[in-house]
Amino acid sequence: MTRPVPILLVLIALALPLSLLAGRVWLDFAETPNAAIILGELRLPRSLLALVIGAGLGAAGAAMQGYLRNPLADPGLFGIAPMAALGAVASFWFGYSASAWLLPLFALVGAGAGMALLALIAGRTGGIALFTLAGLMIASLAGTLTSLAISMAPNAFAMSEIVTWLMGALTDRSWREVWIAAPLTAAGIGCLLMTGRGLDALTLGDAAARSMGMRPGIVQAWLIAGVGLTVGSGVAVAGIVGFVGLIVPHLVRPFTDRRPSQLILPSALAGALLVLVADSTVRILPLVTELRLGIALSLIGAPFFLWLLLRMRRGLA
Amino acid sequence: MIALAATQLTIGTRLRGVDAAFAPGRITAICGPNGAGKSTLLAALAGLLPPDSGQVLLSGEDVTTMHPRSRARAIGYLPQDGEVAWDVAVRSLVALGRMPHGDTAAEPVERTIATLDLETLAGRPISKLSGGEKARALLARVLAGEPQWLLADEPFAALDIGHQLTLLRHLRRIADEGVGVVMVLHDLGLAMNHADEVIVLDKGRLAASGSPAEALSAPIIEQVWGVTATWIGEPSGRALVTR
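Protein sequence lines, in the order shown, are assigned to chains A and B. Under the numbering used here, read the first sequence as residues -5 to 311, first letter to last. Under the numbering used here, read the second sequence as residues 315 to 557, first letter to last.
Among the clues, some could well be false.
Examples of chain A residues toward chain B, derived with CB under 7 angstroms [to be verified]:
id	residue
1	A176
2	G199
3	M206
4	P248
5	D251
6	R253
7	R308
Far from chain A, some chain B residues (derived; all Cβ distances over 10 angstroms) [to be verified]:
id	residue
8	D333
9	G339
10	R385
11	S406
12	R438
13	L520
14	S550
15	V555
Covered, in the sense of this in silico footprint (three residues per stretch, anywhere, with C-beta under 8 angstroms from a C-beta of chain B), are these stretches of chain A [said to hold, decoys possible]:
id	region
16	43 to 55
17	188 to 195
Simulated from the structure, these hints should not be mistaken for laboratory data. Note that the structure is a prediction, hence the values are computed from the model and not measured. Just so you know, even glycine gets a beta-carbon here, dropped at the ideal spot from N, CA and C.
Bound-form chain B, shown alone:
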């Protein structure tokens, strides 16, 4: 089994000795207040930030010393900023995802376009897409590379609730196909209702990890975010009420 794990990961003062393990086929949410080190952890898992100490292992191999192209084939990374410098068409953007494989194979590109319901938009320039469509196109770029791991930094930021749920459905389908999905999430409700595992960071340290109900319990929310809150509703559709 291909596993991704961080051991005693330390990067400046942003991450201080974090241990975390991720399982394929599961959706893991990384939560925490602003400045907790969530994006730093995600970038380090993607092999983009060399740690000061500790390491990130992918199937036992250190991600920072892997060949960049083999690492890129295994780990797809979706940054938060959603930058697309040139106004390329959706199909060209998605085809960029094949770069780690050194090909422009049409089949995975078209399949990914179909999976994310982008067929009617494939020829359209990025600037002519709505925020939700652009987010889907950017996700399709990562998935066209057929990675075993998808690391996404706040993929739902700036998306309305309808587009959030569409994207979540796609992520669940990808996870069901065996891809390990790790994402930074600000919205604790989304993490509680849609993640399989949750990791909570606070000031660069691991504050909690486990099932959403364990890691996002009211005492942990109070301890980490300094907010008194209660979860209400059914187990699969809970909402956080703050006081």
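Just chain A, with the same shape it has in the complex:
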């Protein structure tokens, strides 16, 4: 058990009940009408979904940064999230999004295609440079196709639906989304934990890692499966929620011994906490329409990224 894990578990245990009460209407069981229904059918699944998605993104970010030995890596950059989004956009385009299961299914198929492409192009050698370039190209292609779908949307309603969905949110999610995302994310985090020892070895560079018995192809396969399942299922139920995978490992790293293997589980918990708190905050902000979670996290994440770059520049100077 790593040091930050108990602290994060306590923080989640404190934040979860607060998040269940927080919202446009603060739940008061004595006075709020239908409080039990609001809690059981709206707040609880939404909060659990926030925990699930945050956990997946945090763990994927930690593993990705460990694999690429780069603190600026984000799981969204490497093709799988944009491919999942493309899948979801396709379901809107063809008008299937009204069916509750088809939208996440399309997104998962998109994520699966992204994983397969990445494995096909980069998998044979297990090389990191090829993996990065392949991921960036897949992300670029998926982004272009998504833009194409938006520009050629069959009607204005579909276009608006796509654009809104891409912003990422947990509004009006139900137990169905929890049942889709939770098992896939759990399996994904399991895959990411399997990469731990390999990622530790990679701390010393590719050649040293291989000399220590690390098998690059196997580490990469677990990584692709793990990122695909966590990020893919997250996008499938919530749209694009960026920056969690980038920020969280940074916040957690100083509290670990900085080995990548020791960062995955705490990052999952910290990601869960961050998305839970962020989603609760967007619910209680006094705005006319609810701020989209994806936008809120980008508003926090982008300045954080810039601060990180400035700090790295100072370190290099």
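With chain A fixed as given, assemble chain B onto it according to the hints.
Here is chain B on its own, set in the frame of chain A:
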């Protein structure tokens, strides 16, 4: 006896039919001009580069087809770049060396830390070490895996003369314990004075091998490096004077 040998090793144009044999308990230096294939030979000996033809045998077994973990237990490889991507503490870094054994046994880790005089630095992050301390910590990582072979690519690059001699003392002690030490060296003086055997490569081919005095004789230095030079001084402390 566990022996490491390359036979007719060919890798692209970097190595062309190199034969070399290494003995446990000895320090072998691989020397040669830039681009001679020294690092390629070392990586191939470590099983990291599959040869186009020829093979590297460890106790009769081809290193490229050995199970990666059993190969890692037998051969410790210290690359030249000294990369440590994350700012881990020295003890965590050294403990990574246990990976081939699938354990984090404290005893070999602490013993290696003591052997390389790293006790006072064990809790310190890598970024807070001097170049010489970092080189020792990286060597300790390899030795914590208790390999029978230590293959080091220019372990003295970027080290001052004091740290070079400290590291050399450690390598000699390891060799005396029976570990075969093979290292790429640019400094011919270090090779002459501290290696038991020397292999000289030139343009991917074996140019000379044998005792330092034989393999680094003035005619061979002139032939391989194109430099006219003379060794001066006592047999155990010779210096190369170029003209």
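Point to revise | Violations among the numbered hints, reported as their numbers in ascending order | key: 1, 4, 7, 10, 11, 16
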